[in-house]
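2 protein chains.
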Amino acid sequence: MLENSVGVVETKIAKFDSLELESGEIISPLEIAYESYGVLNEKRTNAILVCHALSGDAHAAGFHEGSDKSGWWNEYIGPGKPFDTNKYFVISTNVIGGCKGSSGPTSINPKTGKSYGSHFPYVSIEDMVNAQKKLIESFGIEILFCVAGGSMGGMQALQWTVAFPDKVKNCIVLASSSEHSAQQISFNEVGRQAILSDPNWNNGEYEDANQPKKGLAIARMIGHVTYLSDELMREKFGRKPPRGNIKNTDFAVGSYLIYQGESFVDRFDANSYIYVTKALDHYSLGRGEVLTKNLSQVKADFLIISFSSDWLYPPYQSVEIVKSLEVNAINVTYCEINFSKGHDSFLVDNPEQKHLIHHFLEFANEDE
Amino acid sequence: MLENSVGVVETKIAKFDSLELESGEIISPLEIAYESYGVLNEKRTNAILVCHALSGDAHAAGFHEGSDKSGWWNEYIGPGKPFDTNKYFVISTNVIGGCKGSSGPTSINPKTGKSYGSHFPYVSIEDMVNAQKKLIESFGIEILFCVAGGSMGGMQALQWTVAFPDKVKNCIVLASSSEHSAQQISFNEVGRQAILSDPNWNNGEYEDANQPKKGLAIARMIGHVTYLSDELMREKFGRKPPRGNIKNTDFAVGSYLIYQGESFVDRFDANSYIYVTKALDHYSLGRGEVLTKNLSQVKADFLIISFSSDWLYPPYQSVEIVKSLEVNAINVTYCEINFSKGHDSFLVDNPEQKHLIHHFLEFANEDE
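Going line by line, the protein sequences match chains A and B. FYI, in the numbering used here the residues of the first sequence are 3 to 370. FYI, in the numbering used here the residues of the second sequence are 3 to 370.
Be a bit skeptical, because a hint or two may be false.
Straight-line C-alpha distance at most 20 angstroms; calculated SDA-like pairs for lysine to any residue [said to hold, decoys possible]:
1. Lys242(B) to Asp19(A)
2. Lys136(A) to Asp19(A)
3. Lys215(B) to Ser109(B)
4. Lys249(A) to Thr47(B)
5. Lys301(B) to Asn132(B)
6. Lys89(B) to Asn132(B)
7. Lys249(A) to Lys280(B)
8. Lys242(A) to Tyr285(B)
9. Lys242(A) to Asn205(B)
10. Lys280(B) to Asn205(B)
These are computed hints drawn from the structure, not numbers from a lab.
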C-alpha cells in the first residue's frame with residue numbers, strides 16, 4: 003500500500019487575517035486547510051498546486067494516521083508518479099466555502115460564536131483561487147511550476163492563469179469547462195432544490211443534530227449518476243437486483259446510489275454543497291470570442307484533457323478552451339482520451355492520462 | 003386552433019370485471035380511461051392504438067371542453083395529420099397504474115372504500131398492454147392496423163407485437179428501448195428515492211391533503227433534465243438569470259425546472275410515479291441474442307425512429323431492436339433523425355418524424 007506512496011500525511015490549517023472576496027465581503031479570519039507532499043527546492047521553483055473537484059478536500063495523496071483510505075489523487079501524486087514528489091513540491095488545499103477545514107459555512111463566525119451556516123458570504127471560483135494564492139505566497143513561492151485540476155479543479159487551474167498570468171508556468175485542465183452549460187447547471191440546481199425541499203433545511207440555519215441529510219443524499223445521488231458513463235454503469239450494475247441490506251430499491255444501481263447518498267451526508271455539509279455548486283455554476287470565462295478575450299493575457303503552457311465518455315463535461319467544452327488558447331498563440335497540448343469511466347475518468351487510475359501528465363511536466367522541466 | 007384538429011373530445015371510462023396481472027394478482031373492477039378519434043370502419047380494420055409515455059394520459063388529441071390545452075400528440079393525430087383521422091380510428095388509453103382515469107393507486111379499493119395507494123398491485127408493461135387489449139376487443143377490433151408510441155409508449159407498442167403477434171399489422175416505436183440500461187434506471191431510481199425521502203410519503207399511505215409533493219417535484223425535475231438535450235437547454239436557457247417570480251434559484255433553467263416540478267405535482271400522483279417508473283425499469287426483452295429470440299414470433303412491419311440528441315434513449319438502443327428484427331427477417335424501416343430536442347423530439351412538432359410516420363402508414367395501407 004505504501005509503495006510509491008507519500009506515506010502518512012496530515013491536513014494542516016494555515017491562518018490568515020482575512021480575505022476580501024470579489025463581492026466586497028470579508029472572510030476574517032481566513033483558514034485554509036492544506037496538505038503538501040515532497041520538498042520545496044531552494045529556489046522555490048518546483049511547486050505544483052493541485053485543485054480538487056466539488057466534493058474533494060485537501061487530502062490528495064497518502065494516508066492519514068490510522069486510516070487506509072488514500073487521498074483522492076493518490077494514483078497521481080507520489081514518488082515516481084506523474085506529480086513526482088521526488089521532483090516536485092505538491093500542494094493541495096481545500097476550497098473556501100467547503101467543509102473540510104477551510105473557511106466555509108461550518109466555520110465558527112467570531113461575531114456569534116456559532117457556525118456561519120447560510121450567513122457565510124457567497125464565494126466564487128475566483129475567491130477560491132485568491133485564497134490559494136495567499137497560502138502559496140506564505141510558502142514564499144513566487145511562481146507555481148504548475149497548477150492542475152479536474153472538473154471544478156480545472157476551473158480553478160484555468161482561473162489561476164487568467165488572474166495571475168505571471169505566477170503560473172504550466173496549467174493542466176482535466177474534464178473541465180470555461181463555464182457551465184444550462185445542462186450542467188440543471189443537475190446542480192436539482193440537487194440544490196432537493197436540499198431546499200428537506201424540512202430540516204430551515205433556510206440553511208440547521209443544527210448539527212438536525213441536518214437536511216435526506217435532501218443532501220438525493221443531491222449526491224443525482225451528482226453520482228452524472229459522474230459515471232452509460233457504459234460503465236452497464237458493466238458495473240446492469241439490470242442486477244440490489245446488493246447488501248439496502249431496501250427500497252429493486253436494482254443494484256439503486257442500492258449503489260442509496261449507499262453513496264447515505265455515506266456522503268456523514269462527510270459533507272448541505273450549505274457547503276450549495277455554496278460550492280453555486281460557485282461552479284456562476285463561474286464564466288465565456289465561450290468563443292469572449293473566452294478568447296478572457297484568455298488573452300494568459301502565459302502558461304497548457305495540457306488539456308477530455309474523456310470520450312464524459313457526458314457531464316463533454317469534450318467539446320475542452321475544445322472550446324483549446325481553440326481560444328490557440329487563437330492567443332498559447333502553447334496547448336490537447337487530448338481526448340478514449341476512456342469509459344465518464345466524468346470520473348480524471349480521478350481514477352488512467353494510464354493514458356498519467357502518461358500525458360508525466361510527459362507534459364517532464365518536457366516543461368527540460369524547457370527551464 | 004381547430005384547423006386540422008379532431009376538435010372537442012372527452013376522456014371516457016370503459017369498465018371491465020377484472021384483469022389478471024402477470025403477478026397473479028387481480029384488479030377488479032378494471033377501469034380504462036380512453037379517447038378515440040375518427041371512425042372505425044365497417045370491417046374494423048383501420049384502428050390505430052397510440053400509447054403514451056411516463057406522464058401522459060388518454061388525452062392524445064383535440065381539446066377538452068373549455069380548455070385550450072391540446073392533447074399530447076395533437077400535432078400527429080387529426081384530419082390530414084400522420085395519424086389521419088379521416089382514414090383511421092385512433093384510440094388512446096391511460097395506462098393502468100397511472101392516475102389519469104385508469105385503474106391505479108388513486109382508484110378506490112372496493113374492499114376498503116379508500117384509494118389503494120401503495121396497496122395497488124404491481125403492474126408491468128405487459129399488464130398495461132393486456133388491459134389495452136381488453137378495451138380493443140370491446141370495440142370488436144380483432145386486429146390493430148397499427149400500434150404506436152414513444153419512450154414507454156414504444157415499449158408498449160413493441161410488447162403488443164411480442165404478446166399478440168397476430169393482432170398487430172404495423173408497429174411504430176419512437177425514442178424507445180427493449181429494456182432500460184442502468185443509467186436509465188438510475189434517473190428513475192433517484193426520482194423514486196426523492197419521493198421516499200419526503201416526510202409526507204408515509205410508505206405510500208398519504209392522504210389527499212398531505213401528499214409527498216416536494217419529493218415528486220424533485221423527481222419530475224430530474225426527469226425533465228433527461229428529456230431535453232444539452233443543445234436545446236443551451237438555446238432555451240443558456241446561463242440567463244431566473245424568470246418570473248420563482249425564488250431560490252439564480253438561473254433561468256432553475257426557474258423552469260422549479261415551475262415544471264410544482265405544476266407536475268398538481269396533476270400527478272406520487273404512488274403512480276413509482277408504479278409507472280418501476281414498470282418501465284423492469285420491462286426487459288433483453289438485448290442481442292436474447293432480444294432476437296424474444297422477437298422471433300413477431301409478425302408486424304416496423305417503423306423505428308431514434309433521435310441524434312436523445313441521450314436518455316440513445317439511438318444505439320433503437321439499433322439493437324432493429325438488428326434483432328432484421329435477424330428475424332421482419333420488415334423494419336429505421337431512421338435516426340438529426341433533431342435537437344432530446345428525448346422529447348418524438349413528442350414535439352417534428353417534420354421528418356411526421357413525414358416518416360405518414361409514409362409508413364400510407365405504404366402499409368396500399369399493401370392491404
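Exercise. Hint by hint, which ones does this structure get wrong, listed from lowest number up?
Worked result: Of the numbered hints given earlier, those the structure breaks are 1, 4, 6, 9, listed in rising order.
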